[in-house]
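Got chain A sorted already, so can you dock chain B onto it with the hints?
Chains A and B, in that order, are what the protein sequence lines are. Count the first sequence with this note's numbering and you get residues 1 to 378, in order. Count the second sequence with this note's numbering and you get residues 1 to 383, in order.
These are computed hints drawn from the structure, not numbers from a lab. For glycine and all other residues, C-beta sits at the position ideal for the given N, C-alpha and C. Keep in mind that the hints are not guaranteed to be accurate.
A short, non-exhaustive set of chain B residues, derived as facing chain A with CB atoms under 10 Å [as the list claims (entries may be wrong)]:
1. Ser21
2. Lys64
3. Tyr74
4. Thr81
5. Gly90
6. Thr125
7. Ala239
8. Asp242
9. Glu253
10. Gly368
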Amino acid sequence: MIKSPTRRVAVVNSAQTVLSSSWSDRQHIDLISEAATQALKGTGLRIDDVDFVIDSGSDFLDGRSISNCGFLGSMGAHHKEESRVEEDGLWALNYATNKIAGGSASVGLVIAYSKPSESNVDDYWTSLLEPFLQRPIGLDQYSAAGLIAQQYLAAAGLTADDLRAVSERAWANAVRNSNVDVDVVPTDEAFWNEDIATPLRRADMARPVDGAVAMLVCRAEIADEISSRPVWITGMGSAIDQHFLAARAPTSLPACEAAARAAYRMSGDTSPSDYDLVELSANSTVGELMVLEALGQAEAFHGIDHYRGDSPTLINPSGGALPADPIMATGLVRMHEAASRLAGRTGYESNDAHRALVHGTGGFGMQNHCVVTIEVDA
Amino acid sequence: MNIAIVGTGQTVHAKRRTDVSQVGLAREAVVEALADAGLTMDDIDSIVVASGPVMFAAVNQPEKWLVDALGARYKPVVRVTSGGGTGLAGALTAINQIKGGAARRVLVVAYDKLSEGALQASISTLYDPFWGREFAVGIMGFAAAYWHARITALGHTEEAAAHVAVKNRHNAMSNPKAHMKKEVTVEEVLASRPLCWPIKRLDVPPISDGACAVIFAADDDAMAITDRPAWIQGMAYYAEADNSADRSMLQSEPLQIAAARVYKEAGITNPFRQFDVAEVQEPYTCFELSYYEGLGLCPAGGAAELVMSGATSMGGELPVNPSGGCMGANPIGATALIRLAEAAMQVTGKAGDHQVPDAQRALVQAGGGWANLRGVAVLGAEK
Chain A
1 MIKSPTRRVA VVNSAQTVLS SSWSDRQHID LISEAATQAL KGTGLRIDDV DFVIDSGSDF
61 LDGRSISNCG FLGSMGAHHK EESRVEEDGL WALNYATNKI AGGSASVGLV IAYSKPSESN
121 VDDYWTSLLE PFLQRPIGLD QYSAAGLIAQ QYLAAAGLTA DDLRAVSERA WANAVRNSNV
181 DVDVVPTDEA FWNEDIATPL RRADMARPVD GAVAMLVCRA EIADEISSRP VWITGMGSAI
241 DQHFLAARAP TSLPACEAAA RAAYRMSGDT SPSDYDLVEL SANSTVGELM VLEALGQAEA
301 FHGIDHYRGD SPTLINPSGG ALPADPIMAT GLVRMHEAAS RLAGRTGYES NDAHRALVHG
361 TGGFGMQNHC VVTIEVDA
Chain B
1 MNIAIVGTGQ TVHAKRRTDV SQVGLAREAV VEALADAGLT MDDIDSIVVA SGPVMFAAVN
61 QPEKWLVDAL GARYKPVVRV TSGGGTGLAG ALTAINQIKG GAARRVLVVA YDKLSEGALQ
121 ASISTLYDPF WGREFAVGIM GFAAAYWHAR ITALGHTEEA AAHVAVKNRH NAMSNPKAHM
181 KKEVTVEEVL ASRPLCWPIK RLDVPPISDG ACAVIFAADD DAMAITDRPA WIQGMAYYAE
241 ADNSADRSML QSEPLQIAAA RVYKEAGITN PFRQFDVAEV QEPYTCFELS YYEGLGLCPA
301 GGAAELVMSG ATSMGGELPV NPSGGCMGAN PIGATALIRL AEAAMQVTGK AGDHQVPDAQ
361 RALVQAGGGW ANLRGVAVLG AEK
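Only chain A is shown next, with the shape it has when bound in the complex (with noise of 0.2 Å):
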């Protein structure tokens, strides 16, 4: 890693749209607009002061190419440098992060928004797989999720019963998220017990949801200028795993491990047991559970730990990616929620929390990891 001068980045504001499972009455850039407005809202900072926007989304969710076009206007990026960063909205960050800290810009506009109910959310999954070996057997994201997921309850000595924990907690959350659809934690018999791949059922799986997140970054003097308390971003990491599912890892996430242990190295080697708070994104509670061993937050298999009784950190107070998983914008939503904690924004304050742990994926059967560390001043 290069020690550079580089400017300090700090997340200034945030805002988002409810998560929804269907915004049927509001286009895309409707729910764009309305995160970028938000955004800059009460910061003092207008449109014009924006000196770029990077933005994620899916040309095949929306199905459209080079979608991004469609949507300049609305996320404010006329006359202005933008770039479509076709990963989770975390790599979008990462780009703008990288773009002030290099000293090319001093505010940037970043936005990730997904509307899969507009769109066959199987067909995104196994489109993503490689065309001759892996798409012709018929392997989708549940059957995917499944396998992986017999093969690490087997290894931790759990029963699918065990992953009830994770998935209840996860839902109480997000019934207490006031940007996520959900009043009640779901209580049908199909929802909790019926499998939807051997042995996850469907409360083990991820709910695709519509939703938008914009998110101000800038460089220390503006930060300081204009926010009371800026979240300063310390580390980054990411790193991806091979494609064939059936090379990776069987139990463990390795590509997860290496994008932690860069973003701890970069934040002046600090370890897992500094961070105060964690936002995680997964595609199933085992996959949650990996993503937390991944991270260091639990030992191998231990990751069951943090949902029998206290857990020393708080994870996903949001509820995370299960309850709502807007595809493409679920790891900038963690991070938008993480740093409002941090800065003890309105409808947030409930968490003395200065040091927070995001984490983003992308691919099938969770290829690519995305880890930033985020802190405030004590």
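Okay, now just chain B, sitting in the frame of chain A:
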């Protein structure tokens, strides 16, 4: 911090590469770029994949598949996509990663395998599904409409555009990587079949399978890798919202904004005199004329005279597209990075038979979307 291109690679571009998959195509360019830089994948800290719209070849987020072919396991891999200009957007990502301290040596690979998808159908999905797609204009329809306006307002005649086709197709004859090697005359271009008037068959480049890879490093890292780095003196990529009421296509505003910014960074005040060579991405001949004006190589309305004077031909004062440009090969997602690689080859004296003698400073232009995403870069033999 000064950042340089320290290695480039390109596939042999062709109408249909049946001998390799998408990932094999990308790998071919990467292997050549690594060899050019004298590096291996172990030396690469981060990979940026830039490819055309994913629907072109029906594999969603294909960088995830590329990982296996490139040997990039456990490295940072991100894909940046921006239509036809995506290669330059990817290069800008790499530069920001290095400047931001996230990586020291970054590999950018751009590709498209257009023989495997329904190109025009995919392109037509650019447009708003409620009020834009009904017209089914694709890219050619609106490009023709704007060219027609420029013929009237700026004198970008069919004959002037034909000179672009003649020049670029002639230049491609000397480029060993070019896919299309057939010289044409002005008369042949003018007599070729209208596809969407005034755009005629020979105003249009081929559609190709191809890939390009470029490796970036800064300062001492660059000097340690090669004794001939191509230094990046400026690079920017700007957008224009589709629904802006004041949008004018007579001159491209995002191109003018990008050029002004990059020229300021690079100390360019008289582009026509200060550049020795230019590589521009011309999806149709009429665009190259428009770029001359947007890039300030001539005043508004001066493009026709400039191309017909021979000043932008090989041997002229400012050769444009010695590689043949898109007329030589047009793997859309790779074309912008190919322009950058070709410019790097020019200022490092590695362009072989299509070398502009003693080229010290090169101008690069690329763009995508519906002509609303525009990038500019300046490369030099010196910092």
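When the least beta-carbon distance from lysine 64 of chain B to chain A is tested against 10 Å, hint result:
This interface hint holds because 4 Å falls under the 10 Å limit.
Report holds or violated for the interface hint on glycine 368 of chain B, using the least CB-CB distance to chain A and a cut-off of 10 Å.
Glycine 368 of chain B check passes; min Cβ-Cβ to chain A is 7 Å, inside 10 Å.
Is the hint on threonine 125 of chain B kept, meaning its closest Cβ partner in chain A is under 10 Å away?
5 Å, holds
Under the criterion of a CB-CB separation shorter than 10 Å, is serine 21 of chain B in contact with chain A as hinted?
Status holds, d = 7 Å.
Using Cβ atoms only, decide whether aspartate 242 of chain B comes closer than 10 Å to chain A, and label the hint accordingly.
For aspartate 242 of chain B, the interface hint holds, since the closest Cβ of chain A sits about 6 Å away, which is under 10 Å.
Can the hint on alanine 239 of chain B be confirmed by a CB-to-CB distance to chain A that is less than 10 Å?
4 Å, holds
If you take the shortest Cβ to Cβ gap from glutamate 253 of chain B to chain A, is it below 10 Å?
7 Å, holds
Restraint satisfaction for threonine 81 of chain B [CB to CB of chain A, less than 10 Å]:
5 Å, holds
Interface hint status, glycine 90 of chain B versus chain A (Cβ within 10 Å):
Result: holds, 9 Å to nearest chain A Cβ.
How about tyrosine 74 of chain B: closest beta carbon in chain A under 10 Å, or not?
Status holds, d = 5 Å.
Hint compliance for this structure: every hint is met.
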